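Engineer: Next come the chains, spelled out residue by residue.
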Amino acid sequence: MIVDDEPANQYLFKKILTFNGFEVIGIAEDGEEAVSMFKSFSNKPKVILMDHRMPVKTGIEATKEILQIDSNVKIIFISADISIKEEAHFIGAFSFWEKPFAFESLIYDIKKAMVCNNSPLSN
Amino acid sequence: MLEENKDKKEDLKQIKALLKQEIAKRNKLEEKLRTTLEELNRSNKEHLFILENLKEAYNRAEFYKDLFTHDINNILQGILSGMELCGIVFDDPDEIKATIKVIKAQVKRGAGLVSNIRKLSQLEKTEISLKRTEICNSLKNSIDYAKTTYQDKKMNIKVDSMSKQLYVRANELIRDVFENILINAIRHNKSSIPEIDVKISKYQKLGINYLKIEFQDNGVGIVDTRKEKIFQRGENKRIHGMGLGLSLVKKIIDIYNGEIWVEDKVIGDHSKGSNFVILIPEVD
Numbered sequence: 032m033i034v035d036d037e038p039a040n041q042y043l044f045k046k047i048l049t050f051n052g053f054e055v056i057g058i059a060e061d062g063e064e065a066v067s068m069f070k071s072f073s074n075k076p077k078v079i080l081m082d083h084r085m086p087v088k089t090g091i092e093a094t095k096e097i098l099q100i101d102s103n104v105k106i107i108f109i110s111a112d113i114s115i116k117e118e119a120h121f122i123g124a125f126s127f128w129e130k131p132f133a134f135e136s137l138i139y140d141i142k143k144a145m146v147c148n149n150s151p152l153s154n
Numbered sequence: 061m062l063e064e065n066k067d068k069k070e071d072l073k074q075i076k077a078l079l080k081q082e083i084a085k086r087n088k089l090e091e092k093l094r095t096t097l098e099e100l101n102r103s104n105k106e107h108l109f110i111l112e113n114l115k116e117a118y119n120r121a122e123f124y125k126d127l128f129t130h131d132i133n134n135i136l137q138g139i140l141s142g143m144e145l146c147g148i149v150f151d152d153p154d155e156i157k158a159t160i161k162v163i164k165a166q167v168k169r170g171a172g173l174v175s176n177i178r179k180l181s182q183l184e185k186t187e188i189s190l191k192r193t194e195i196c197n198s199l200k201n202s203i204d205y206a207k208t209t210y211q212d213k214k215m216n217i218k219v220d221s222m223s224k225q226l227y228v229r230a231n232e233l234i235r236d237v238f239e240n241i242l243i244n245a246i247r248h249n250k251s252s253i254p255e256i257d258v259k260i261s262k263y264q265k266l267g268i269n270y271l272k273i274e275f276q277d278n279g280v281g282i283v284d285t286r287k288e289k290i291f292q293r294g295e296n297k298r299i300h301g302m303g304l305g306l307s308l309v310k311k312i313i314d315i316y317n318g319e320i321w322v323e324d325k326v327i328g329d330h331s332k333g334s335n336f337v338i339l340i341p342e343v344d
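Residue numbers (the working numbering), protein chains in the order written: chain X, 32 to 154; chain V, 61 to 344.
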């Protein structure tokens, strides 16, 4: 699942992940939509790519709520705001990637997160 | 007896002279005290002014630091991911074409950001002259610009104005105000067809005649806790998800001696959309 308010990032991230064999089951434009989308899934996503600065609800706020619903989901922060890195780790984020990052490295981290989940890789 | 009276008179005279001297001395001291107090007051005001300037300069530096570390990096992310995708889909001309379009849009976004920074910095240091400015035509041009920017998207933008020609005390930057509000209303919108109703009416406040321009949208809305913060970027770098646009809008409206705020389109339910309200002093 991808949570980012920037349409270009939504489009590009989904394409790159799909070409790498992952299934993107949802795209949310802000933290509030991310929480309600997460609640609505009967099969929860294993990994969430989470931006931070978004309208309505931030990535940090959304992460706290999502982890309360399901503490097994791995949330990878992808943000240009390095000042929230410590807070993200403190509230339980799996890892933090500062924008701009190269996807070839992030993909390795997503695979690692999925293994941590004790679930088979989807790619 | 006569001698005694004479002495008393002499004493009184001396006492009077002494008192006069003391009063003069006291007046002099009071004058000195007043001058010193005035100097202290002036010096305090100067210090406060310097502190205020330093605070403003600090906020500005934080604002630009935030801008470069956040917004520019987000744009670079779009370009980098676009290039990575090109490397993956190199044998599919349609995918390549679509990806290049996204990269170009990111470059355009970067150029827009630079343009906004330039305008903001000009507003901070230059004396802006205001003139009688017609707004209906500027609004029409701004709507055309918004439609061109989102040419792949269907949208309804309606204008309800009491006249075809209305004048305010402003300048050509009024178009930046309209464009930023319109683009935000389209961008932060999850409806299949973004709808924006622009209403222009007369408004009086404290004896001043204003034109009230309202932009009502069916977008995602803004929660109460963020309604003021969205205009304050630079003073609060932790404002989330909003670009530079609304800071520029607020600065321009301040220069026009106007006001801007945002309220719920349906009072009490932010999820139904926002109503951006602008007041600008009207001229005949």
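Hints are computed from structural coordinates only; laboratory data are not their basis. These figures come from a predicted structure and were not determined experimentally. It is possible that some hints are incorrect.
As the list claims (entries may be wrong) - Straight-line alpha carbon distances no greater than 27 angstroms define the calculated BS3-like cross-link-like pairs of lysine-lysine that follow:
{"hint": "1", "chain 1": "X", "residue 1": "Lys45", "chain 2": "V", "residue 2": "Lys191"}
{"hint": "2", "chain 1": "V", "residue 1": "Lys92", "chain 2": "V", "residue 2": "Lys207"}
{"hint": "3", "chain 1": "V", "residue 1": "Lys66", "chain 2": "V", "residue 2": "Lys88"}
{"hint": "4", "chain 1": "X", "residue 1": "Lys88", "chain 2": "V", "residue 2": "Lys289"}
{"hint": "5", "chain 1": "V", "residue 1": "Lys157", "chain 2": "X", "residue 2": "Lys70"}
{"hint": "6", "chain 1": "X", "residue 1": "Lys95", "chain 2": "V", "residue 2": "Lys287"}
{"hint": "7", "chain 1": "V", "residue 1": "Lys164", "chain 2": "X", "residue 2": "Lys45"}
{"hint": "8", "chain 1": "V", "residue 1": "Lys224", "chain 2": "V", "residue 2": "Lys214"}
{"hint": "9", "chain 1": "V", "residue 1": "Lys185", "chain 2": "X", "residue 2": "Lys95"}
{"hint": "10", "chain 1": "V", "residue 1": "Lys179", "chain 2": "V", "residue 2": "Lys311"}
{"hint": "11", "chain 1": "V", "residue 1": "Lys332", "chain 2": "X", "residue 2": "Lys70"}
{"hint": "12", "chain 1": "V", "residue 1": "Lys92", "chain 2": "V", "residue 2": "Lys185"}
{"hint": "13", "chain 1": "X", "residue 1": "Lys88", "chain 2": "V", "residue 2": "Lys332"}
{"hint": "14", "chain 1": "V", "residue 1": "Lys185", "chain 2": "X", "residue 2": "Lys88"}
{"hint": "15", "chain 1": "X", "residue 1": "Lys95", "chain 2": "V", "residue 2": "Lys164"}
{"hint": "16", "chain 1": "V", "residue 1": "Lys191", "chain 2": "V", "residue 2": "Lys73"}
{"hint": "17", "chain 1": "X", "residue 1": "Lys88", "chain 2": "V", "residue 2": "Lys213"}
{"hint": "18", "chain 1": "V", "residue 1": "Lys125", "chain 2": "V", "residue 2": "Lys218"}
{"hint": "19", "chain 1": "V", "residue 1": "Lys92", "chain 2": "V", "residue 2": "Lys157"}
{"hint": "20", "chain 1": "V", "residue 1": "Lys250", "chain 2": "V", "residue 2": "Lys265"}
{"hint": "21", "chain 1": "V", "residue 1": "Lys92", "chain 2": "V", "residue 2": "Lys115"}
{"hint": "22", "chain 1": "V", "residue 1": "Lys287", "chain 2": "V", "residue 2": "Lys332"}
{"hint": "23", "chain 1": "V", "residue 1": "Lys73", "chain 2": "V", "residue 2": "Lys88"}
{"hint": "24", "chain 1": "V", "residue 1": "Lys200", "chain 2": "V", "residue 2": "Lys179"}
{"hint": "25", "chain 1": "X", "residue 1": "Lys88", "chain 2": "V", "residue 2": "Lys76"}
{"hint": "26", "chain 1": "V", "residue 1": "Lys214", "chain 2": "V", "residue 2": "Lys157"}
{"hint": "27", "chain 1": "V", "residue 1": "Lys224", "chain 2": "V", "residue 2": "Lys250"}
{"hint": "28", "chain 1": "X", "residue 1": "Lys45", "chain 2": "V", "residue 2": "Lys157"}
{"hint": "29", "chain 1": "V", "residue 1": "Lys287", "chain 2": "V", "residue 2": "Lys311"}
{"hint": "30", "chain 1": "V", "residue 1": "Lys92", "chain 2": "V", "residue 2": "Lys80"}
{"hint": "31", "chain 1": "X", "residue 1": "Lys142", "chain 2": "X", "residue 2": "Lys75"}
{"hint": "32", "chain 1": "X", "residue 1": "Lys88", "chain 2": "V", "residue 2": "Lys125"}
{"hint": "33", "chain 1": "V", "residue 1": "Lys214", "chain 2": "X", "residue 2": "Lys45"}
{"hint": "34", "chain 1": "V", "residue 1": "Lys250", "chain 2": "X", "residue 2": "Lys45"}
{"hint": "35", "chain 1": "X", "residue 1": "Lys45", "chain 2": "V", "residue 2": "Lys289"}
{"hint": "36", "chain 1": "V", "residue 1": "Lys259", "chain 2": "X", "residue 2": "Lys45"}
{"hint": "37", "chain 1": "X", "residue 1": "Lys95", "chain 2": "V", "residue 2": "Lys332"}
{"hint": "38", "chain 1": "X", "residue 1": "Lys116", "chain 2": "V", "residue 2": "Lys125"}
Engineer: All hints, please: hold or fail.
Structural biologist: Okay, the hints, checked on the actual structure:
The hinted pair formed by X:Lys45 and V:Lys191 fails the criterion: a straight-line CA distance of about 49 angstroms is larger than 27 angstroms. A threshold of 27 angstroms between alpha carbons decides the hint, and for V:Lys92 with V:Lys207 the separation of about 69 angstroms lies outside it, so the pair is violated. As the CA atoms of V:Lys66 and V:Lys88 are separated by approximately 33 angstroms, the hinted pair breaks the 27 angstroms bound. The straight-line distance between the Cα atoms of X:Lys88 and V:Lys289 is roughly 14 angstroms, inside the 27 angstroms bound, and the hint therefore holds.
With a C-alpha separation of about 36 angstroms, the suggested pair V:Lys157 and X:Lys70 falls outside the 27 angstroms cut-off, and the hint is violated. Only pairs whose Cα atoms come within 27 angstroms are accepted, and X:Lys95 paired with V:Lys287 is accepted, the gap being roughly 23 angstroms. With a CA separation close to 18 angstroms, the supplied pair V:Lys164 and X:Lys45 stays within the 27 angstroms bound. As the CA atoms of V:Lys224 and V:Lys214 are separated by approximately 25 angstroms, the hinted pair is consistent with the 27 angstroms bound.
Among the hinted pairs, V:Lys185 with X:Lys95 is inconsistent with the structure: their alpha-carbon atoms are about 43 angstroms apart, more than 27 angstroms. A hinted pair counts as satisfied when its Cα atoms are at most 27 angstroms apart, and V:Lys179 with V:Lys311 qualifies at roughly 10 angstroms. With a C-alpha separation of about 22 angstroms, the suggested pairing of V:Lys332 with X:Lys70 holds against the 27 angstroms cut-off. Among the hinted pairs, V:Lys92 with V:Lys185 is inconsistent with the structure: their alpha-carbon atoms are about 40 angstroms apart, more than 27 angstroms.
Under the criterion of a C-alpha separation no larger than 27 angstroms, the hint pairing X:Lys88 with V:Lys332 is consistent with the structure, at around 16 angstroms. A hinted pair counts as satisfied when its Cα atoms are at most 27 angstroms apart, and V:Lys185 with X:Lys88 does not qualify at roughly 35 angstroms. Taking the CA atoms of X:Lys95 and V:Lys164, the gap is about 36 angstroms. The hint is violated against a cut of 27 angstroms. For the hint pairing V:Lys191 with V:Lys73, the CA-to-CA distance comes to about 72 angstroms; that exceeds 27 angstroms, so the pair is violated.
Of the pairs offered as hints, the one joining X:Lys88 and V:Lys213 holds, with about 25 angstroms between alpha carbons and a cut-off of 27 angstroms not exceeded. For the given pair, V:Lys125 sits about 38 angstroms from V:Lys218 by alpha-carbon distance, which is inconsistent with the 27 angstroms threshold. The suggested pairing of V:Lys92 with V:Lys157 is violated, with an alpha-carbon distance near 81 angstroms, which exceeds 27 angstroms. The hinted pair formed by V:Lys250 and V:Lys265 fails the criterion: a straight-line CA distance of about 35 angstroms is larger than 27 angstroms.
With a CA separation close to 34 angstroms, the supplied pair V:Lys92 and V:Lys115 exceeds the 27 angstroms bound. Between the alpha carbons of V:Lys287 and V:Lys332 the distance comes to roughly 15 angstroms, so the proposed pair stays at or under 27 angstroms and holds. The suggested pairing of V:Lys73 with V:Lys88 holds, with an alpha-carbon distance near 22 angstroms, which does not exceed 27 angstroms. Restraint check: the Cα-Cα separation between V:Lys200 and V:Lys179 comes to about 22 angstroms, which is no more than 27 angstroms; the hinted pair holds.
The hinted pair formed by X:Lys88 and V:Lys76 fails the criterion: a straight-line CA distance of about 81 angstroms is larger than 27 angstroms. For the hint linking V:Lys214 to V:Lys157, the alpha-carbon distance of about 22 angstroms falls within 27 angstroms, and the restraint holds. For the given pair, V:Lys224 sits about 32 angstroms from V:Lys250 by alpha-carbon distance, which is inconsistent with the 27 angstroms threshold. Restraint check: the Cα-Cα separation between X:Lys45 and V:Lys157 comes to about 17 angstroms, which is no more than 27 angstroms; the hinted pair holds.
This hinted pair checks out: V:Lys287 and V:Lys311 have alpha carbons roughly 16 angstroms apart, not beyond 27 angstroms. Of the pairs offered as hints, the one joining V:Lys92 and V:Lys80 holds, with about 18 angstroms between alpha carbons and a cut-off of 27 angstroms not exceeded. With a C-alpha separation of about 16 angstroms, the suggested pairing of X:Lys142 with X:Lys75 holds against the 27 angstroms cut-off. At roughly 23 angstroms between alpha-carbon atoms, X:Lys88 and V:Lys125 fall within 27 angstroms of each other, so this suggested pair holds.
Proximity of V:Lys214 to X:Lys45 is assessed by CA-CA distance (about 23 angstroms); at most 27 angstroms being required, the pair is judged to hold. Only pairs whose Cα atoms come within 27 angstroms are accepted, and V:Lys250 paired with X:Lys45 is accepted, the gap being roughly 18 angstroms. About 31 angstroms separates the Cα atoms of X:Lys45 and V:Lys289, which puts this hinted pair outside 27 angstroms; it is violated. Restraint check: the Cα-Cα separation between V:Lys259 and X:Lys45 comes to about 39 angstroms, which exceeds 27 angstroms; the hinted pair is violated.
The hinted pair formed by X:Lys95 and V:Lys332 meets the criterion: a straight-line CA distance of about 25 angstroms does not exceed 27 angstroms. With a CA separation close to 17 angstroms, the supplied pair X:Lys116 and V:Lys125 stays within the 27 angstroms bound.
Of the numbered hints given earlier, the model fails hints 1, 2, 3, 5, 9, 12, 14, 15, 16, 18, 19, 20, 21, 25, 27, 35 and 36; all others are met.
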